[in-house]
Structures are given as structure tokens and as C-alpha cells.
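Protein chains in written order, with our numbering: chain B, 657 to 888; chain L, 657 to 888.
Since the hints were made in silico from the structure, they are not lab data.
A portion of the hints provided could be inaccurate.
Each pair may be met inside one copy or between any two copies, as identical chains are not told apart.
To be verified - Straight-line distance between alpha carbons at most 20 Å, and here's what the computed SDA-like set of lysine to any residue pairs gives:
hint, residue 1, residue 2
1, Lys776, Lys825
2, Lys825, Leu785
3, Lys774, Leu803
4, Lys827, Ala748
5, Lys823, Gly857
6, Lys827, Gly858
7, Lys827, Ala798
8, Lys776, Thr786
9, Lys776, Leu816
10, Lys777, Lys827
11, Lys777, Pro767
12, Lys868, Arg696
13, Lys868, Pro782
2 protein chains.
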Amino acid sequence: ALTECIAAQFQLGSLAGRHVVITAGPTREAIDPVRYLTNRSSGKMGYALAEAALDAGAQVTLVSGPVNLSPPPKVRLVAVESALEMHAATLAAAESADVVIGAAAVADYRPQVAAQDKLKKHAGEPMQLTLVENPDIIADVAALPGLRFVVGFAAETQHLEEYAQAKLKLKRLHAIIANNVADGGVFEQDENEVTVFSRDGGTVSFARRGKKQLARGLIQWIAAALAEKPCD
Amino acid sequence: ALTECIAAQFQLGSLAGRHVVITAGPTREAIDPVRYLTNRSSGKMGYALAEAALDAGAQVTLVSGPVNLSPPPKVRLVAVESALEMHAATLAAAESADVVIGAAAVADYRPQVAAQDKLKKHAGEPMQLTLVENPDIIADVAALPGLRFVVGFAAETQHLEEYAQAKLKLKRLHAIIANNVADGGVFEQDENEVTVFSRDGGTVSFARRGKKQLARGLIQWIAAALAEKPCD
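Produce the complete structure using the sequences and hints provided.
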């Protein structure tokens with residue numbers, strides 16, 4: 657591993673020989689057999705990152721919620737639906753990963769009870785839905801034993817830097833990619849602009865561009881950050 | 657109109673000269689700018705009905721929630737997102753309709769408040785989401801002044817006939833198309849099997865088949881039912 661590590665440092669931007677795990681898309685949290693909670697994630701950013709990582713030479717596992725995208729050829733796709741399923745699949749894949757990128761928009765909450773049969777409505781009465789917290793997938797990956805480079809996303813509609821920096825520290829990530837999702841400018845769109853905050857205090861801004869082009873830039877940045885790590 | 661009505665009776669299965677309004681797909685009920693409640697409807701049944709109605713010679717308005725389908729050529733598409741938007745669009749289109757088919761899986765409930773900014777989670781605490789009832793679109797169409805043939809859908813996971821017959825009466829529909837959505841056999845699938853219960857006590861079962869073929873059968877049945885109405 658030492659020789660590969662040293663060799664990698666001479667190949668800036670390459671992820672050859674690396675296993676990259678990427679989560680993508682929304683999750684669906686069942687209320688009953690037909691109804692669910694979800695969010696506006698299209699999966700485009702995560703799928704673009706998977707493609708860019710493959711292009712950079714990595715072996716890629718893509719843990720994906722329900723989306724309408726074709727997975728890039730050669731990716732190992734693990735299709736999941738709920739946050740709990742994504743949690744289990746991602747932690748299993750992360751064991752052997754050098755890099756884990758949490759690009760999925762995982763539901764923070766799920767209904768406490770998923771009804772077996774379709775709930776009937778009771779005319780006129782409001783309904784209380786009790787939601788319980790889902791596990792934090794990327795924080796749990798960062799807490800795994802072993803060394804891997806763990807990157808999260810922070811999608812916020814306000815206080816972008818403050819919230820992103822707080823998540824970076826709380827979840828013990830190496831870096832967090834922050835994007836402002838206010839005003840419908842990111843979710844379901846083809847473009848995005850982000851700022852990357854890293855544990856060492858570094859900040860890199862990527863101006864608005866296509867998600868594929870942005871993904872290549874982010875993967876290059878991650879490959880460079882990996883190459884800077886001392887070989888041990 | 658009398659001559660057209662009499663002429664129509666000689667053209668069984670034709671909807672020439674008729675305006676058919678069809679609702680399709682799920683609705684999305686916003687919790688905040690990124691999260692929402694929805695359901696597993698793909699819109700395939702409603703879109704297949706729109707195509708079959710066009711093929712039968714009708715002018716078709718398709719009021720559709722967010723789906724990943726291309727609308728049939730020549731359809732008048734009204735794209736909506738929430739149940740309230742679908743309600744307004746459908747009632748407006750229904751004014752001039754001869755037939756209204758409610759194939760959409762409209763959310764029964766919406767969050768009482770849609771937050772302006774993304775809700776932050778509060779670690780460890782369950783969250784209560786208060787839901788309020790949405791208006792019943794097809795029942796409100798059936799209650800409009802004027803004559804039109806109004807058809808609803810009943811998607812149930814249990815007590816199919818009992819619940820369907822109750823909805824037929826309560827909503828004052830001319831017919832209700834009942835399908836069993838238990839065990840993932842309908843939503844997001846290409847096939848379906850249904851039973852149609854009509855106000856006059858009639859029952860017609862359509863065995864499991866492709867949604868496009870089923871749609872043609874249902875449109876023929878509706879055209880025949882329309883043709884049986886006395887001309888006045």
C-alpha cells in the first residue's frame with residue numbers, strides 16, 4: 657500500500673486503485689403502502705460524481721435512492737429506498753472504501769409507524785403524523801474504524817456557511833460541500849454552484865456550472881486532497 | 657346538441673366531439689422548500705386513458721401532477737404540483753367537459769404549514785407534523801352544476817368493493833374504477849386489473865392486462881355508457 661500511496665502522489669487528480677462510495681438521490685419514508693415522505697433530490701449530482709470518479713480511475717459503488725437516471729457503465733449500483741436501507745448499504749460498502757461522498761438527500765425523519773394498509777381519511781379532522789429521526793449516514797461512516805476520506809453535503813436555504821461548518825465539525829467529516837438550495841436553483845436542475853469547506857480550514861468555491869463539470873472539479877479536488885495525505 | 661347526441665348513439669365507442677378531462681399522477685404536498693409528502697402513482701394509468709380518449713376522437717385536457725411521462729400529442733396538458741393546484745385546474749377545465757375521469761392519486765392530506773425555509777432537525781426529538789385534509793377534487797366536480805359523466809378511482813389495499821361502493825355514493829359519481837394496490841401490483845407497474853362499479857348497479861371486471869390496453873377498454877366502456885344516456 658505504501659508504494660501505491662507514493663505512486664498516487666505523482667498522479668494528481670487520479671483515483672486509480674481507489675474504491676469510492678457515493679450516495680445519491682432522495683430516500684422515501686413510507687407512511688403506508690402508497691404514501692411517503694421524500695424530497696426534491698433528482699440524484700443528478702451524485703450520479704455525476706460517480707461518473708467523474710470512474711473517469712478518474714476509481715472503482716465506484718453508487719448507493720442510490722429512487723431516481724430516474726441511468727447509472728454510469730461499470731458502476732456497482734446498490735438501489736435502496738428508505739434512509740434505513742441506505743444506511744445499511746452505505747456502511748457495508750464503506751468498510752473497503754478510500755473515499756465516501758454523501759451526496760444523497762437523506763430524509764432526516766421517517767414516520768414512527770409505517771401502516772400495513774392504506775390509511776383511511778376521517779373527514780374534517782386534522783391528522784398528526786409522528787416522525788422520528790433517521791440515523792445520520794455520513795456521520796456514522798466518519799465514525800467507522802479505519803482511515804477513509806469522508807465528504808458530506810450541506811443543502812441549506814439560509815445561513816449556508818454557518819450551518820455547513822457546524823455539520824463539518826459535528827459529523828467529523830474531512831470536507832463538506834455546501835450548496836444553497838433556496839429558490840429552486842439546485843434540486844432537479846442541471847446546474848449547481850458550491851463551496852467546499854475542509855477540516856484543515858481550507859475553502860474552495862466552485863462558480864455556477866453544469867453538474868457534470870462541477871463533479872469533475874470536485875473529484876479532482878478530492879483526489880488532490882487524498883494525494884496530500886502522508887503515506888503511512 | 658340533440659342531433660349530435662343521437663348521432664353519437666350510432667357510433668358506439670366514439671368520443672368524437674366530446675371534451676374529456678383526466679387527472680393523472682401524484683400530487684406533492686410541501687413540508688418546506690425541499691421536503692414533501694407524495695405517493696407512488698406514476699401517472700401511467702391517467703396518461704394511457706388520455707391517449708385512449710384521444711384515439712376515440714375526444715378533445716382531451718390532462719391535469720397532471722409531477723410524473724416522468726411524455727404527454728400524448730394533441731393533449732392539452734395542465735401541469736400542477738399540489739392537490740390545491742390540481743383542484744383549481746380540474747374544476748376550471750371541468751366546466752366545459754362531457755366526461756371527467758379522476759385518475760390522479762391526489763394526496764388526501766397536506767401539511768398545515770409549508771415552511772418557508774428548510775426545517776432544521778433537533779437531535780433526538782420526535783417531530784409532530786400536523787396534516788389537514790385536501791378538498792376532494794372528483795366529488796367537487798360531481799357537485800358542479802350541469803351534466804357531465806364523472807368517473808373516479810378507488811385504490812385500496814383491502815375491502816375493495818365495500819370502500820369503492822361507499823366512495824361511489826358519497827361522491828355522487830357515475831362510476832368508480834376500483835383497483836387493489838396491495839403488494840405493489842399496480843403503482844409504478846405497467847399492468848393493472850380493475851372492477852368498474854356504476855351508479856345504476858352495474859359491475860364490469862377487466863382482467864389483468866397492460867395499462868394501455870386496459871385504458872382502451874375503459875374508454876370504450878365510458879363511451880358506451882355516455883351513448884346510453886337519453887338525449888334531452
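So, going through the hints one by one against the coordinates:
1. Lys776 to Lys825: Intra 44 Å, inter 17 Å, cutoff 20 Å: inter-copy only.
2. Lys825 to Leu785: Intra 32 Å, inter 29 Å, cutoff 20 Å: neither.
3. Lys774 to Leu803: Answer is neither; intra-copy 45 Å and inter-copy 33 Å both fail.
4. Lys827 to Ala748: For Lys827 and Ala748, only the intra-copy Cα distance (19 Å) is at most 20 Å; the inter-copy one is 50 Å.
5. Lys823 to Gly857: Within one copy only: 14 Å inside, 61 Å across.
6. Lys827 to Gly858: Cα proximity of Lys827 and Gly858: one copy only (17 Å, versus 62 Å across).
7. Lys827 to Ala798: within (7 Å within a copy, 54 Å between copies)
8. Lys776 to Thr786: Cα proximity of Lys776 and Thr786: in one copy and across copies (17 Å, 16 Å).
9. Lys776 to Leu816: Classified as between: cross-chain Cα gap 12 Å, same-chain 40 Å, threshold 20 Å.
10. Lys777 to Lys827: between (40 Å within a copy, 14 Å between copies)
11. Lys777 to Pro767: Close inside one copy (17 Å) and across copies (14 Å); limit 20 Å.
12. Lys868 to Arg696: within (19 Å within a copy, 29 Å between copies)
13. Lys868 to Pro782: Neither way: Lys868 and Pro782 sit 44 Å apart in one copy and 37 Å across, limit 20 Å.
Going through the hint list in order, the structure does not satisfy hints 2, 3 and 13.
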